[in-house]
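Visitor: Protein chains in written order, with the numbering used here: chain A, 1 to 400; chain Z, 1 to 400; chain E, 1 to 324; chain W, 1 to 324.
Careful, some of the hints might be misleading.
[As the list claims (entries may be wrong)] Distance ranges between label pairs, derived from CB positions:
1. E:K279 to W:P189: 47 to 55 Å
2. W:Y282 to A:R86: 41 to 49 Å
3. E:R39 to W:K279: 29 to 37 Å
4. E:G74 to A:A342: 17 to 25 Å
[What the hints assert, rightly or not] No farther apart than 27 Å at their CA atoms in a straight line, the calculated lysine-lysine pairs in the DSS-like style are these:
5. Z:K307 to E:K33
6. E:K33 to E:K16
7. W:K279 to E:K279
Hint data in this document are derived by calculation from the structure and do not stem from the laboratory.
Glycine residues also receive a C-beta, built at the ideal position from the N, C-alpha and C atoms.
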Amino acid sequence: MTDRSARRRPPAWDATPAVATDAEGTLGGGLAPTPEPDLVQLLTPEGERVDHDTYSVDLTTDQYRQLYRDLVLVRRIDAEAIALQRQGELGIWASLLGQEAAQIGSGRALEKDDYVFPTYREHGVAWCRDVDPLHLLGLFRGVNLGGWDPNEKNFHLYTIVIGAQTLHATGYAMGVQRDGAESAVIAYFGDGAISQGDVNESFIWASVYNAPVVFFCQNNQWAISEPVERQSRIPLYQRARGFGFPGVRVDGNDVLAVYAVTKAALQDAREGNGPALIEAYTYRMGAHTTTDDPTRYRIADEVEAWKLKDPIARYRRFLEQNGHADESYFTSIDQESDEVAARLRKGCRELPDPAPLSLFDNAYAEPHVLLDEERAQFAAYLDSFAGADDGHGGHARTEG
Amino acid sequence: MTDRSARRRPPAWDATPAVATDAEGTLGGGLAPTPEPDLVQLLTPEGERVDHDTYSVDLTTDQYRQLYRDLVLVRRIDAEAIALQRQGELGIWASLLGQEAAQIGSGRALEKDDYVFPTYREHGVAWCRDVDPLHLLGLFRGVNLGGWDPNEKNFHLYTIVIGAQTLHATGYAMGVQRDGAESAVIAYFGDGAISQGDVNESFIWASVYNAPVVFFCQNNQWAISEPVERQSRIPLYQRARGFGFPGVRVDGNDVLAVYAVTKAALQDAREGNGPALIEAYTYRMGAHTTTDDPTRYRIADEVEAWKLKDPIARYRRFLEQNGHADESYFTSIDQESDEVAARLRKGCRELPDPAPLSLFDNAYAEPHVLLDEERAQFAAYLDSFAGADDGHGGHARTEG
Amino acid sequence: MTSITLVKGLNMGLRKALENDQKVVIMGEDVGKHGGVFRVTDGLQKDFGEDRVIDTPLAESGIVGTAIGLALRGYRPVCEIQFDGFVFPAFNQIVSQLAKMRYRADGHVTVPLTIRIPFGGHIGAVEHHSESPEAYFMHTAGLRVVACSNPVDGYWMIQQAVASDDPVIFFEPKGRYWEKAELDESATPDPLHSARVVRQGNDATIVTYGPTVKVCLDAAVAAEEEGRSLEVIDLRSLSPLDIEAVCASVRRTGRLIVAHEAPVFGGSGAEIAARVTEKCFYSLEAPVLRVGGFFTPYPPSRIEDEYLPDLDRVLDAVDRAMAY
Amino acid sequence: MTSITLVKGLNMGLRKALENDQKVVIMGEDVGKHGGVFRVTDGLQKDFGEDRVIDTPLAESGIVGTAIGLALRGYRPVCEIQFDGFVFPAFNQIVSQLAKMRYRADGHVTVPLTIRIPFGGHIGAVEHHSESPEAYFMHTAGLRVVACSNPVDGYWMIQQAVASDDPVIFFEPKGRYWEKAELDESATPDPLHSARVVRQGNDATIVTYGPTVKVCLDAAVAAEEEGRSLEVIDLRSLSPLDIEAVCASVRRTGRLIVAHEAPVFGGSGAEIAARVTEKCFYSLEAPVLRVGGFFTPYPPSRIEDEYLPDLDRVLDAVDRAMAY
Ligand SMILES: Cc1ncc(C[n+]2csc(CCOP(=O)(O)OP(=O)(O)O)c2C)c(N)n1
Ligand SMILES: Cc1ncc(C[n+]2csc(CCOP(=O)(O)OP(=O)(O)O)c2C)c(N)n1
Ligand SMILES: [Mg+2]
Ligand SMILES: [Mg+2]
């Protein structure tokens, strides 16, 4: 049966979003993003305050300064961590350089009772939740796996398996719903993560149950060496269309826009309006991690183009132009950041290694006969080297 | 920081599709679907031929009759399989009752070189691909796991793990792409399956690589006991919007509309226009499988309402009204279907049980020392009962 | 004393759990109005509401992943995986998140989650509906793994699993769902992680769990007719193992056979054999012999009887063990 | 003879595979321009093009699932899983589809797929980057599982794995990626599934694979100074096991120690111990002893040296074995 009549083009497809799509998904991250009409901005790259017909912020000078302080301090902490890694104090570090506005803007939009599910790069959000940066260093140094108390700061542990935390956040939000609580949950993830089944399933759960969760995707244009075109041929915020909840793209290097958009989305969630997807359009200025060499896969021009959009320089210009802060204030923040960095450096070096037997702790909440046996045997084993002790027991033979 | 100014409603969200969504996702499959403007139809439930400004079919009388024959025969085969299960000849059967038009319409839209990845319910598509129905019975009887040669009919094995085959279909389509072949791939799945991570990942792969694959979702309103509202709060065809490729909803009980829409989508794929999602809006008239009792979870009215949309009655009226066939033709088809059913019944009863040692066959393509050892040991074990033989070796003691 | 099936025992146990702790929620495919494809959650949504007995979208990773989130919020979810073969989409959430969350958090959080998995064969089903994946979970530190074998244990063990502050993978022998036993609700149950000698004997010990407990008991009866006295132990817990209970028996009998439906290669029997051999080296008159599935995917149901260990294959192993 | 690292050996082997068979394609995260985070696919996309060395979206189930589809179309995909801990999202596709496809099809299709997994610890990494999940795959019928331990085996074994018509899970000891050895490309490699005696001895046998081969060789050297002669076997293949090679050695030495990084409980050592004990019962002077990771999630890297088996723990096991 070879009837051709049905082949007339074009079919009445459900319209594909009218955004230039790279159907071939060719490589190359593309240069500076052509700002689209749908990119929410409250500050131009030059620091001009522009209006948006839906979103606005009107903060006090102190509040505006607070945001600046956050931006500078987390960048400084990040730089210090990179230095510590170079000095061999950390095993690895995932830098947030370039994403400060996306993280501080969203982090400061949170209320105390809101709950955060981060990836491994949300040092700026951790800062907003008063998580001691030493905890973060501890993880990357290898003295613990995070180990802070998530419920103390309403900030969950870093999740390294891409996308997994979005389901945890959604389930947590279902719990908030059942508790009738007036709070929201925010799940952070990257542009690469949006390809994981778990992330898409979390969109399904959140929309079907109308859970109070905000999905905050930092599109820093790269998943290690893969440009965002490898993950989607349309803008990421439009993924939400397929699941029936709102999506918005915000300039991730504009701390005020991120703040306003996130605050609105969180409030929607609290008010029972369900989930939302925020795509913070930003850029990973540094390497994926300290072990990565981005010159292997991306061109310098792209990085240069994004430098012109630096979130801190932009915001500083805004503060200056609007008289919210002057040179002396900026200098004081620089001084404070040096002090914070110094404390961090010292604290990191002093982080104690875990005791050998501690590796048996906290695997189980309740007694476990096998673990008890293994712990006892290992303790006896370590003791058997007493005398030939090299400091933490063991390795008598490797010594000799 | 408690600035309220950012909370003005409503935010300029990326518009959610303006379709009534059941945000609470309450249970209950809903009654007869309110036909939407975007539901592609070429036949009314009364069998009136209606035009659609994009899709049309114009077939010869023989072709029209062929479709009728297909519809009736697959329904008859299905009914026979249910009967065989009741008689204990099959372990279980998944009935296609009500979905004949969705399967025949799409199955007949395929070209010979196109490749099909079915679920466990695509008996009608199997029929269109000339797969011997006895193969299907063999699987549900438990004498094999499918076992037909997929490459002989370009019809892959039934996949029972929900959603898994959509990735296989997409990968296969990437192969077609690399071969520069002029063919397309079609992946079948259900309304429940659209929630699986695998299905959403296949949407990502297909769109990013622009693979020639058509996703054919039979929305039969139910995933066992769960109504489609449990899977999505917007129409399923709109899922494609989130991934940047076309989606369309077709009346799955209208064989001509399904045929036209599928043919167009397949041709798009062949011509390099990439993937598409077709939602065939239909209904599972029977139980999920022969072991299921739908009266536990859905109301009779719903089933009654859908009876009025029966795909075969509707199509028969069309043939009558347009003089494509008369009573004598219909009777001849009924006779043929009785003969097919009789052959099937006989063939099923005669399907031999596999030989015990055959369970070791085809686990590996190349020699495997452990399997060889186990096979030899088991053969010796069976022989050890020789004499006390109960027909297939073994169980001497259970006999005694 | 009431006579109940395993399905009923589990249903009653879950009902108790829902009554005793408001934080207990049940999640899964078709667990609500439908009461689960095996009716284990029958009537629970009607009595406890849709917020506590939740029909979920059709995705296992989503079920376990969101259940973890609920647990982090203070809930105590019980997830139903519809059939053994469908737990694998959730494997990543179970192995990398559920099992590790508490360790990652230095004990600051607990994730009290129970995952119910009907397992095992002999139901004449199609592919993926008759598997025994317990060894994958045994090898995963951070999880507890148990398997009930009868209605009474089903009633008690599911309550104990839900009450545990650690994640528990709870295996239910679906082929035994409709077998009956007498339940005394006033009795005191054995600890969740204790094995039980279900038949005493002196010539050899047979260790098993779940669906094959009955097979081994039948074998012991048949053996007795041949003048052989077999001890049968229902392990009940696979992780941790009550290895001392097994060793105590082996030190008396000197011989051990392990039987399970999962493929022998890399199965739970390997760990039991290795561990018992190390602990009872001088007591063993024969190597520990293992009886189980062959190293193939689960075969078509018409030959599953050949694939699965039955009375004869168990007794054949006993013969071989006695021959040493 | 050229001196190469394991990374280079694998890279050369993959290049040969791409040259020898037009149907070979490489898929994974960052395998293209970047050449993989460990540089194993360095330069391959440049030379063979984007159609044959494919950077994929970030989802492992998608990688393996689409690779299966490509294999069904006649291709021979090699998937890279970036780190051991990230194979689990693909577990469902591997266990329920890849491993079973051929059996399901009564042999009408083959799915020649190789899945490369860098595994093991000692690289000071964060969570999920140092695991040893091989036992999960060993227990899965339909798969073949191998682990290379040195650059020369890396070069040959990856080519043999890609050439196999069965799915192969290919483990690479990432902690040994930068160790060097001399490669003679004109040599004839051992069969893929054969074990190799890498050091001869008489007092006890140590069986191991992947990253711990070197640990055990060092232990054997240290033991020699103490007048003890240890035989060391590099298993190379975990499924199927070359059990006869191990038994041949054990029948001479009478003692066996199995060492691996994965947790001992339910690990590959359990199967080896159970099987060897059954086959060599009368030859064993001592129970098979196992040395490996403890039953906890992988610990923070600053104490991974305590968690992982080292020279001393291997020798401690030897001492215990000799004490019988
Ligand atoms: C399941 C899984 N697969 C692979 C990895 C290895 N990996 C770590 S980060 C990363 C890229 C993530 O990109 P993106 O989501 O954009 O986040 P970003 O690193 O850019 O912040 C990959 C592939 C992982 N951590 N988890
Ligand atoms: C991964 C997985 N989980 C659960 C099941 C059990 N199961 C079989 S069919 C089915 C419902 C499928 O619904 P749908 O996708 O709408 O297809 P339909 O049966 O309606 O044709 C379920 C949950 C399965 N086969 N695979
Ligand atoms: Mg990124
Ligand atoms: Mg359905």
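Visitor: It remains to establish, for every hint, whether it holds in the given structure.
Guide: To see whether the hints hold, each was checked on the structure:
no.	hint	in the structure
1	E:K279 to W:P189: 47 to 55 Å	violated (41 Å)
2	W:Y282 to A:R86: 41 to 49 Å	violated (59 Å)
3	E:R39 to W:K279: 29 to 37 Å	violated (46 Å)
4	E:G74 to A:A342: 17 to 25 Å	violated (40 Å)
5	Z:K307 to E:K33	holds (24 Å)
6	E:K33 to E:K16	holds (19 Å)
7	W:K279 to E:K279	holds (19 Å)
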